Each structure stands twice: as C-alpha cells, then as structure tokens.
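Since chain A is already given, all that's left is putting chain B on it; use the hints.
Chain by chain, the residues run as shown.
There are 2 protein chains.
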Amino acid sequence: MLKKAAEEALNKPSPYGIDLRIEDFLKPRASSSMGLEALSSIGIDPESASYIQVDNRPVEVRPSIPGVKVLTLSQALEEGLVQDYFWNAVKVDTDKYTAAAELFGGHEGYVFIAERGRKVEQPVLSCLLLSTPGSLQAPHNIVIVEEGAELHVITGCLTSAEAPGLHAGISEFYVKEGGRLTFTMIHQWAPTSHVRPRTGVIVERGGEYVSHYINMSPIASLQTDPKVYLVGEGAKAYLSSVIVAPRESKMDVGGSVFLRAENTSAEIVSKVITKDRADVITRSLISAEGRGARGHIECDGLLLSDSSRILTLPALDAKIDDVQLSHEAAVGRLSEEQLYYLMTKGFSEEEAKSILVRGFMEVKIEGLPRPVEAQLKMALELAARGL
Amino acid sequence: MLKKAAEEALNKPSPYGIDLRIEDFLKPRASSSMGLEALSSIGIDPESASYIQVDNRPVEVRPSIPGVKVLTLSQALEEGLVQDYFWNAVKVDTDKYTAAAELFGGHEGYVFIAERGRKVEQPVLSCLLLSTPGSLQAPHNIVIVEEGAELHVITGCLTSAEAPGLHAGISEFYVKEGGRLTFTMIHQWAPTSHVRPRTGVIVERGGEYVSHYINMSPIASLQTDPKVYLVGEGAKAYLSSVIVAPRESKMDVGGSVFLRAENTSAEIVSKVITKDRADVITRSLISAEGRGARGHIECDGLLLSDSSRILTLPALDAKIDDVQLSHEAAVGRLSEEQLYYLMTKGFSEEEAKSILVRGFMEVKIEGLPRPVEAQLKMALELAARGL
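Residue numbers (the numbering used here), protein chains in the order written: chain A, 1 to 387; chain B, 1 to 387.
Just so you know, the hints here were simulated from the structure itself, not pulled from any lab data.
As the structure is a computational prediction, the values presented were derived from the model and not from experiment.
Identical copies go unnamed one by one, so any copy, or any two together, can satisfy a pair.
List time: in silico DSS-like cross-link candidates among lysine-lysine, alpha-carbon distance up to 27 angstroms: (1) 12 to 227; (2) 91 to 27; (3) 319 to 353; (4) 319 to 275; (5) 319 to 250; (6) 12 to 27; (7) 250 to 27; (8) 377 to 119; (9) 364 to 227; (10) 275 to 364; (11) 353 to 250.
The shape of chain A in the complex, shown without the other chains:
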C-alpha cells in the first residue's frame, strides 16, 4: 500500500520551490568521509548526542536519558512501537520527496518516545549528517510525547562543503493530551545542497508544540512548510524561524497551523535576513475552524544587500466567525536613524550594524529549560557571526 502510493507520487512536484529530479541523487559519487567533529560548527557536541545518523545509517544511539525511549526507526518498527505513527502525520504521497524517502531513504531515522507524565528536562540531541557527495539522505523521524509528558528535542543537520546532495527528512511528531514538545532544528548545509524536509505535527487536547528553526548558511535550494494540526481543545503552537540567507541561496520556507479544535491558538514568527544575491520566500498560514481559535503571524525581513530579495506571503483563513486572526509584517533594510543614533553613542558603523541585526534576530524563547535556551542562543549567535 505505502510502496504503491509512494511509487505513484514519485514524479509529483511540490507546489512550491525549485523542482528536482530524484534520479540525480540516487548515484552517489564517492564514499563518506565526514567527521563528527563538524557538529561543533553548529554548537553541538557529538558526545552528548542521543542519536547520530550519517547519510542513511544510524551511527550512534544512546538511550541514556531517563524517561525517554531512544531508538532507530527500524528498531521501533520491529518492536511494534510506531505502527500507528509511521506515515500518519505526513502522507507518503505528499510529493516526490516523501515518495523518495519511502522508496530510497533506507527506513532509518530517530524515534524518541517521552513516557507518560514525565517532564524530561534534559534535551535530547540528534544529529543528521549528509556525507556522501551527490546522495539522497532521507531520515524518517518519529517523536511521541505521551500524555502529560514534556520533551525537548534539538536536531542539528549539516553537510560538509564538499558533499552536496538532497536531504529529504521526514518528521512526524505526536503530542498527546497535556503533553509538550519543544523542537529546535539547526540547519547548516553546503551551498550546493538541496533540502526538502517534510514535517507533520498532531497536537491533542491541551497539548503544546513549540518549534524553533534556524538556518545559518548558504544553500542551493530549501523548501519546507511544516504542517501543525491542533486537533484537541486548547492545543497550542508557537513556530519561530530565523533564516539567514547569504550568497546564491534560494529558500522557500513556511509554516502552516490548522486550528481544528475549540480554543486552540497559534503564533508563527519569522525573521529573514538576506545578503548577496539570496532569494527568500516565506509563507505562513493560520487556518481556523475551531470556536474561540486565535492566531497571529509575524514576518520580518531585513535585506542586507541591494540584489537580494524577500517575498513574504502570509495567509489568514477564517472558516467560522468566532475566531481572531491577525498578522503583521515589515520588510526593509536597517533603519538609518537607528544606525546613526548608535554611532553618535560611540559605536563604529560595523558594531552598530551588528547590534541592530542581533536585535532583529531576537525571538521569544521563554519557557525553555536552561540547556535548550543556551543551545538556541548559541545557534543564533553563530548565525549572527556569519553576517
């Protein structure tokens, strides 16, 4: 069934983003050579990771955090732990990238399950490295936060500069009643990489999903639009993205939240910085059909070069009257007045710019446990340094 659906979708392009030929990524050009120490460039110590995958092969699985099951996908499937979750929040025939993940991705990825009622303070780290030039990496990850549990996942994805390829990571997240999942993803690909993550999140009654997405580096093309379904009363979502797009980067990034139950709420915040000749499109959607639903979208774009471009496309969809949706956006360059003001206070132009850019990149990170907050701040700091 899955295989047939995937085969039929293998030529189905994504509605957005540059279309790629899957065949081009099925003939890897050389064997892997990337060292795990590269992880430090995104602020991750490989020794502390619970899960490390290189290309399509898990190389470290450390189930050492109390309250969290850590497995590879193949183990979890074998043990019958994820049958109901496998291709349930993301459809296998969404497009050619989901199809390719199923057919050629190797059926690996991380599975994290937070035990019922457990508030796991320590973040679970996972690392995905694309190492073999010209290859397809398609981890299939599943995270389950059982009733009343709390989990923090930090994922770092990266490629060595010499190893362009296609990353099509499938992530399916399930937050049960009263649960809370915080997911922080830090991307650092090569300027020749193509990245097509496909993420689906289902949040039940009173549950909460918080996501922070950070992209720090130039990339050939990125297209992502995680979909969050709030299906239980009072469920909440907060999605923030900080995108730094230098060089020739082409990024089409989004986030959609579907408020399907009463008193659900969502906030989508994106900050985009472009440099050089980067071209970034940000899409966001809040669709509301639950009574008392509330949603807010905020998009801010900062162009640091004359030949870069930012197109921001937010959407508010009210399907019944008893909802409240709002949106704010601002796109432009650094404020001359603010720059001037800082310079009159004794800062150099360079310093003043840096202060304003860092201020621009600030996102709400309240409610995170200290180690996650520290990780996030470090990632933002590293991203700022690239400017």
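Relative to the frame of chain A, chain B by itself:
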C-alpha cells in the same frame, strides 16, 4: 495581431477564481428590458451620467463637463485618440476574459480624457448595465489624465436580478506626469452574475492614482485583481476596497501595485464583511524595486456569520534593500466587549452592531472633492444598509 493573440488566449483560465466557459455567455436568452432608473439603487442619478452603456451598446454620451473629452471607444478609435492606449495597460491575452472582451465584447466602452493641466472638480459619472439575460458584457474603457490634470471618475455597474450574465470590463487608465486620477467603482450585480473585470493602471512621474472599490451585493462569482504600475519617480497609489459579501457569494478580489521607480509609494486597504455562506478571498501585492519605495497593506475581515469564510493573502515583495514594506491584518467577528459597552450606553444590540459595522467599513477618503466624497459615503451607507 490583437485578434490572433486573443484567439490563442480564449481558453486560458485566470490563475485565480472560478473558471467559466465563455461559450455559455454567447447565447443571450432574451432581449434587454432593464430601466435606467435602477441606477438609483447604487446612488447614481442617470440624468447626471456622462456615459451610460447597456450590455455592449452606449446609450448616453454627454460630453458636457469642461476640460474632459467624453467619447465612446469606437469614436475614440476612429478619431485616432487612443491607438497607443488600447490594450496597452492590460494585455489582450491575459486570460480568456480579456480575449473574450476583444473577440465578442463589441468594442465599446467609455473614453475620458482630462485635458493637460485641467483640474476637473466635477466627477464624471459612467454607468454600465448588464441587461440581457445570459449574455456577455465586455465594455473596454480608457481613461487618460494628461500632464498635470486631475480627474474623478465614478462608475456604477449593475444588473437586474433577472439578468444573470458575465461582465468582463476592461479598464486601462493612464496618469501622466503630475496628474491625478480618482476612480470610484460601485458594483451591484445579481446573485447569479459572474464578474471578471480586468484593470491596468500606468502612473508616470509624480502622478497619483486613488481607487475606491465597493461591492454591495450577492454575486455568483467575482474575480478581480487590478494592477497598478508606478513607473515614474514619486508616483503614488492608494487602493481601498469595501466588500460586503452576503448569501452564497464567491469573491476573489485583489489589488497589485508595482513600485518600479524611485520614491514611489502605495497603500492597499481592504475591508471585507461576510454574511450567510459567503466565501471571500482577498489578495494584495506590493512589489518594490525602486529605491526609496514605500508600501503598506492593510486587510481587515469581519465575519457576521458562522458559515462564511474569509481568506486573506497579502504579499510583500522586496527586490532591493532600500524599500520599506509593511502589512497588517485582522480577521474575526465583532468585538463582544465593544458591543457590550455600547449596549450599556443604551443602544439596542441591533443599533450597537450597526454602529460597529459602519465603523469597520470606514476608509480614508481624504482629498476627494465634496461631490465624490458624498457619492462614496452614500455608496457605503447603502452597502451598510444591506447588512
């Protein structure tokens, strides 16, 4: 050339809105029977109109306003006055509706030309009535505001309830250096009408285009997205729409402004009220590629029924760094607190609702000469009464 391009585009659907078969509107079902007195329902006195067209036939042409040439399109083409303007701001092969207008529309419509340097205070009224059931009405209108001139055009479009059909009005507006055109359009179609206006506006250096669009009545389907090109330094555009969508109305309404020259600026404001089972999509785009360009989009939606829907899709496209674009949107129902507050002040619930709805519908109408402002206020008042 035009004919060939039109023939080739005759099956080209619009990217948005419900697709129609042109053939279905080429076999009118009976002869015209609509009286001009129907115009009073949209606040227009037919005696004061400079141009009245019923179906595809001009029935009144009164060139009595000093400083403005008033002609039919066929006259203007014959006199060689609009050769450079005909299908220049709107392309004949935009889609099947522009193609159908060229091939089957009868080559009629109004042509208004404001003489160089003339500030015409008195508004020029035009009326377009769709009278023959099941027919295609496709007026092709051209307005030229010569250098330094100022003109106000008010257009009322309506159909009798018994005469559904397809209206595909082509409007091409040219505002020359330092000129100013204010265009107020009031639509009142039948619940069975399909409406596909196609409008293009070219504004030169220091020129200004102000548009007010009001749709007051149920409609089978409406799809419109006027495109305004600011091609001269310092040109400005202000577009406001007030859409009241009752019953089964399906509307896909938009507005796009292209800031192509230095220090151009634009504001797009839309207010949408839905009732019953109406479904409204509002699109707006500000695309900026001129240094120092400034743009702002504001979309407000008010749902007065549980089973209606509003989808708002604004877009900001910054193509260079030295631009400043912003956007705000809010969609929801009437504020309970405000209603309650007014009721504590002695208003009935009905009155309180009416006050808040009228407040919601307010748009900036500054800078209009008194007769235009009065006309606009009357139209808004009539629209509010329908609620």
